[in-house]
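Trainee: Taken in order, these protein sequences are the chains called X and P. When the letters of the first sequence are read in order and numbered with this note's numbering, they come out as residues 1 to 419. When the letters of the second sequence are read in order and numbered with this note's numbering, they come out as residues 1 to 419.
Mixed in with the good hints, there may be bad ones.
Copies of one chain are not kept apart here, so a pair can be met inside one copy or by any two copies together.
DSSO-like, lysine-lysine: derived pairs with alpha carbons at most 27 Å apart [to be verified]:
{"id": "1", "residue 1": "K330", "residue 2": "K212"}
{"id": "2", "residue 1": "K180", "residue 2": "K16"}
{"id": "3", "residue 1": "K314", "residue 2": "K235"}
{"id": "4", "residue 1": "K212", "residue 2": "K16"}
{"id": "5", "residue 1": "K314", "residue 2": "K232"}
The hints are simulated quantities; they were obtained by calculation from the structure and are not laboratory data. Predicted model, so just to flag it, every value in this text is computed and none were measured.
Protein chains: 2
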Amino acid sequence: MTKTRAGGVTNFDAWKHAYAARAENLAVSEVRALFSVVSRPEVVSLAGGMPDVAALDVNLIDKAYASLMANRRNYALQYGGGQGDLRLREQIQEIMALEGIHGSVDDITVTTGSQHALELISDLFLDQGDVVLVEAPSYVGAVGIFRHKEAQIEHVFTDHDGISPEALEETAERLLSEGKRIKILYLVPNFANPSGVTLTAERRIQVLEICKRYGILIVEDNPYGQLYFDQKPPKAMRSLDEENIVYLGSFSKILSPGLRVGYVLAPPAIREKLVLANESAILSPASFAQMLVSEYLSVADWQQQIESFRQLYKAKRDAAMQAVEQYLPKVATTRPAGGFFLWLTLPEGLNSKEMLPLAVTELVAYTPGTAFYGDGRGQENIRVCFSHPTADNVKVGIERLSRVVNQQIELIETFGKVD
Amino acid sequence: MTKTRAGGVTNFDAWKHAYAARAENLAVSEVRALFSVVSRPEVVSLAGGMPDVAALDVNLIDKAYASLMANRRNYALQYGGGQGDLRLREQIQEIMALEGIHGSVDDITVTTGSQHALELISDLFLDQGDVVLVEAPSYVGAVGIFRHKEAQIEHVFTDHDGISPEALEETAERLLSEGKRIKILYLVPNFANPSGVTLTAERRIQVLEICKRYGILIVEDNPYGQLYFDQKPPKAMRSLDEENIVYLGSFSKILSPGLRVGYVLAPPAIREKLVLANESAILSPASFAQMLVSEYLSVADWQQQIESFRQLYKAKRDAAMQAVEQYLPKVATTRPAGGFFLWLTLPEGLNSKEMLPLAVTELVAYTPGTAFYGDGRGQENIRVCFSHPTADNVKVGIERLSRVVNQQIELIETFGKVD
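If we strip away everything but chain X, and leave its shape as in the complex, we get (with noise of 0.2 Å):
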């Protein structure tokens, strides 16, 4: 047998022959493959999708941490049960009082992050060839999820209003005619990833509407929702339903990403296999983080800490529009007014893709917009995360990419697209 080196570059698979037909579908992600550049002091990253987690209260952390080793100690050292810890679920039932949910703490289930709620939603749900149907862009996290089941993925338009009830209505009769299952509807409907639009209450009882009447199950995940600049997002769709879609939420941009606590929120039926898969999975999501996010939740005034995030994270919307205004006038943006991002399009004939080794040359990284596509599209489209660096930075970053961005432009105008 061909010998293969511990730790070196592989050029031979022993195991080729024997991975399982899902296995071929797991890509590398353009976003996490930024991560080696993204973590040079020099280059300002756009990239990412991280909250500014320094901007946390670390007091906050210490008492509960205190708190947590003073009155719950030997349980959150040991194994739970697979569903999370009751007062936890307790606290969440609180949290999404404030997106105007009303579920019950039996109906919620404690996840590694919502990332993986979304991972066992779709193992629970998608069969080869099935067809889910996302926002165009849609998140690529989610987008790799259902490639790597094998799933259809199906884009549908939408504009600064969120996705489109007439774009979905006829998309949905479209494959149906061509007798196609459609499994689910992917939705981010607040300050979306990584268009950063929001989908309006009309919108929202028609998309259900549509979604009711074609079966579809809706997954509405809402991690940014409290991050809101100005005015509250309408409520979350699952308070018009509690029996067609599946919340997800998570404690990853309003406390912290790497304590990998998230939660979903489902229908008793699907809840009951979901804690079965959870089980499966990973035995019981962590005892330590949950309690650690529970006693956070019970001795700090956790509403402020938000509070103070979304003036962090307005102000550095701020920056990047000033910047993209002042610097990038031929490219347009989107105007979020919540969450992490601004989703830009380029003018025609300009490749984000093909242009980013040379912004990483500039010391500016970014996430092309192909990443947000299953199908290819997306090359004339920038996502740029604000939440990261400094709000200086963020213009800084900016700057950076005009550098590119106009110098590309200003090629085309001279001598036209090169293909």
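Assemble the complex: chain X is given as a structure, and chain P must be docked to it using the hints.
Mentor: Below, chain P without anything else, positioned relative to chain X:
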């Protein structure tokens, strides 16, 4: 559409038609279902499989936390890489060296407990109908994963020296002649869960040779290896071969399962896919838990802590063995040289699963042997977990168990087996 009541007992599932085929294979684990019983304080639980976390020196956790927050706070609170923290992987390398393993940090992936490593490996390799070979009996959590992947589970004869090489070869020949694809041999070579037996050094070599010959990937799961009572077990199988073995390790039994930190050492090509699968499922392993473990390994005398666990569990093993000898003279038991479990064999005609409700009325819980088989076997077996109760309570529990068992034996001796 029929209305379901949030949080209520489910008698109707509106989404029953929509589940993926594999979702049908999620079953309530017989072990996990015991959790509600186990939590009643008057019940002595010999079920579980839980370490005695109260015996962990809590000052060491405090020191690790303080060091973490002083030195790596913003990294610990942030997303990390999909492969896991490099410093922790270097420390894992040292821990694996205690088992005779010399692997590259590049080939280690940190996972959400070793359970998730097994889930990811299984997802990478198992198509529907593929065969997984396991010990007889085998770890319930592994059997659950393989069933969920729609694999065919084949138990291979196992005795006091571990899995039988002759039986392994016969089973492989038989299955191949039936046209089956055998993908994986899953093993717990040291102080196995549930049997407590250890695979001899000689058999390790033979099993490896057989698997190489038939192209079967070995998944070597070693959560208990450092918890030996007298002498070290043989070196890990991974110390003999780096190409045909995926090695799983965990901090659950030598530190805390509530942190959910495990790891997997895999050949480079498999490891590349594992990292992608890990990212797809959870984005990145929890930075906070990983770095807390890393600080613990850095600031604490963790080898001394493990030594004190060895003494603790040895005393509990002795208490369990004495109690079985004293109270259950007609019951056979394995004699584990480490780990958490005794495996009891009841006299013919007794059924451990049917007996469980009687045992619970006597205020003792255990896991019936059927949990550890995918084929209904194990009715005459009981797994006794001695690691979690005090040594005194281990004795009390076995004495209570003996009332039920000996009464059943008398009934059968008097009236014969009632079918």
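Trainee: Please go over all the hints and tell whether each is borne out by the structure.
Mentor: Outcome of the hint check:
1. When the C-alpha separation of K330 and K212 is checked against a cutoff of 27 Å, the pair qualifies neither within a copy, at 41 Å, nor between copies, at 61 Å.
2. Taking the closest pair of Cα atoms, K180 and K16 come within 27 Å of each other only across two copies (18 Å); inside a single copy the shortest separation is 31 Å, beyond that limit.
3. In this assembly of identical chains, the alpha carbons of K314 and K235 lie at most 27 Å apart only when taken from the same copy (21 Å versus 57 Å across copies).
4. When the C-alpha separation of K212 and K16 is checked against a cutoff of 27 Å, the pair qualifies only between copies, where the shortest distance is 15 Å, while the shortest distance within a copy is 43 Å.
5. Within a single copy, K314 and K232 get their C-alpha atoms as close as 13 Å, which meets the 27 Å cut-off; across copies the closest is 59 Å, which misses it.
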